[in-house]
Amino acid sequence: MSFEIKEIVESAGNNLPNLFDLSAFGVLWEEGSIIYLYQEESCPHSFTQEVVKNMVKVFSILGKGTDDVSRFSIQVEKRRLRPNHMMVDPKATLKSYLTLPLAVEGEIIGCISINSDQPNAFDAQDLQFFSVIGYQMAATLKHFQRFSSIKSIAIYDTLTNLYNRRYFEDRIRGEAQKAFYSGSSLSLVMVDIDYFKKVNDTFGHTEGDRILYEIASLLKTSVRKKDTVARYGGEEFILILPEAGLEEATMIAERIRRLVESTPFEIGQVRMNLTVSLGISNFPSHRARSKEELVKMADLALYDAKRGGRNRVCIYNAPKE
Amino acid sequence: MAKENRGGKWTSDLVLDLYSNLLMEVWEVVSALIGEAILELLFNLTIQKIGEKYPFLNSLKVSEEGISSDGVREVCRTIPPIDIHRGFQGLINHLFHLFSTLAEGVISREVFPKVFPKVREAERIISQK
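Here the protein sequences line up with chains A and B, keeping their order. Just so we're aligned: the first sequence equals residues 435 to 755 in the working numbering. Just so we're aligned: the second sequence equals residues 182 to 310 in the working numbering.
Among these hints, one or two may not hold up.
[Claimed, not checked] Partner residues aside, some chain B positions facing chain A, computed with beta carbon under 7 angstroms:
(1) L214
(2) G216
(3) E217
(4) I219
(5) L226
(6) T282
(7) L283
(8) A284
Just so you know, these hints were derived from the structure itself, not from any lab. All C-beta atoms in this analysis are idealised placements derived from N, C-alpha and C, irrespective of residue type, glycine included.
Please put together the full structure from these sequences, using the hints given.
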């Protein structure tokens with residue numbers, strides 16, 4: 435679930451207790467198989483389970499799969515929803531509820547529910563009001579769902595699931611600004627698969643694409659959480675390593691080189707080993723004055739690695755003046 | 182098969198008229214409570230389910246504007262009135278089941294007073310044959 439969608443659910447959870455006398459408010463969101471539950475802090479666990487079970491049941495009756503609760507992850511947020519009322523009885527059971535599908539253009543994307551431990555807590559007027567809220571919420575959630583998917587298309591490379599070049603440009607701008615301003619370290623590692631053209635020419639582009647995907651996965655597992663791995667173009671990848679000095683960057687690059695070298699790749703019926711060449715640039719060590727210069731330095735270092743025989747890591751070497 | 186009654190109208194037409202009016206009334210009341218889009222969805226789910234046993238119901242047309250039984254009329258000419266009655270009864274029962282699942286008795290309380298007399302009337306028409 436994207437941050438924006440979580441915000442919408444949270445906002446509803448914060449405001450609905452002002453409109454209805456409820457013990458719990460739930461949103462079942464199909465895309466993430468998630469149920470968000472905002473409920474009175476004194477609600478017993480058994481009540482929570484009843485609410486969840488009921489929402490999943492409604493969702494299945496609406497033709498959306500089974501009523502298997504375990505397929506949903508449940509996030510409960512306990513709040514003081516009814517400050518003027520008595521605490522919920524520890525043995526309270528679900529006595530009243532209104533559950534409506536979140537439907538947009540004939541498609542059910544989830545459901546919302548208000549629940550109470552009191553009998554006949556909701557009437558026709560509440561239902562009318564709640565349905566208006568439901569329509570608004572469905573439309574807003576759908577809007578953000580579309581927005582998230584467009585955003586994802588815009589920043590990810592569809593073949594490797596790595597960030598794309600455009601995202602890299604955005605990210606390096608921010609990281610370089612931060613490093614140049616604060617003087618903190620910033621390293622770039624440019625990676626290129628050795629003799630990749632041969633793979634494509636011998637085994638075809640489908641196999642070549644699969645190799646790109648597998649090497650991209652290896653890159654992702656070799657970096658730190660704060661690092662960015664992007665496809666730079668063709669069989670070239672680039673890593674942004676914030677706050678990494680030359681030593682740490684070299685360690686990461688060397689780890690990648692060894693990992694690729696020792697991983698057997700199955701291409702068609704053949705099992706073979708591949709290698710990568712890597713070039714490193716660093717701020718402030720290499721005195722780059724712009725992000726473009728830092729990228730160029732990593733590229734030149736990569737060129738050195740290729741020229742030096744491939745399957746190696748090279749650090750940018752400034753030309754002697 | 183359908184029979185012509187004393188007034189010259191087919192029994193199946195009478196039953197169909199009755200249920201058509203009833204569905205329109207249900208539509209009017211419930212759409213005001215939960216909105217047309219959700220109601221359309223519930224009607225379509227119901228038709229899909231009950232239509233498996235009573236295929237003539239698949240000719241009902243539901244849109245956000247309401248429910249139309251024009252397409253059903255021709256089909257119903259060849260169906261015994263008791264089956265038309267049972268089909269619509271099944272449809273209404275399932276619809277009420279959905280209403281209860283969503284909102285306990287809140288919707289049913291508003292609609293039930295309209296439904297009960299009409300179903301009784303349909304039973305009376307059929308028993309008159």
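For each hint, the structure was consulted:
no., hint, result
1, L214, "5 angstroms, holds"
2, G216, "5 angstroms, holds"
3, E217, "10 angstroms, violated"
4, I219, "6 angstroms, holds"
5, L226, "6 angstroms, holds"
6, T282, "5 angstroms, holds"
7, L283, "5 angstroms, holds"
8, A284, "5 angstroms, holds"
Violated hint: 3 only; the structure is consistent with all others.
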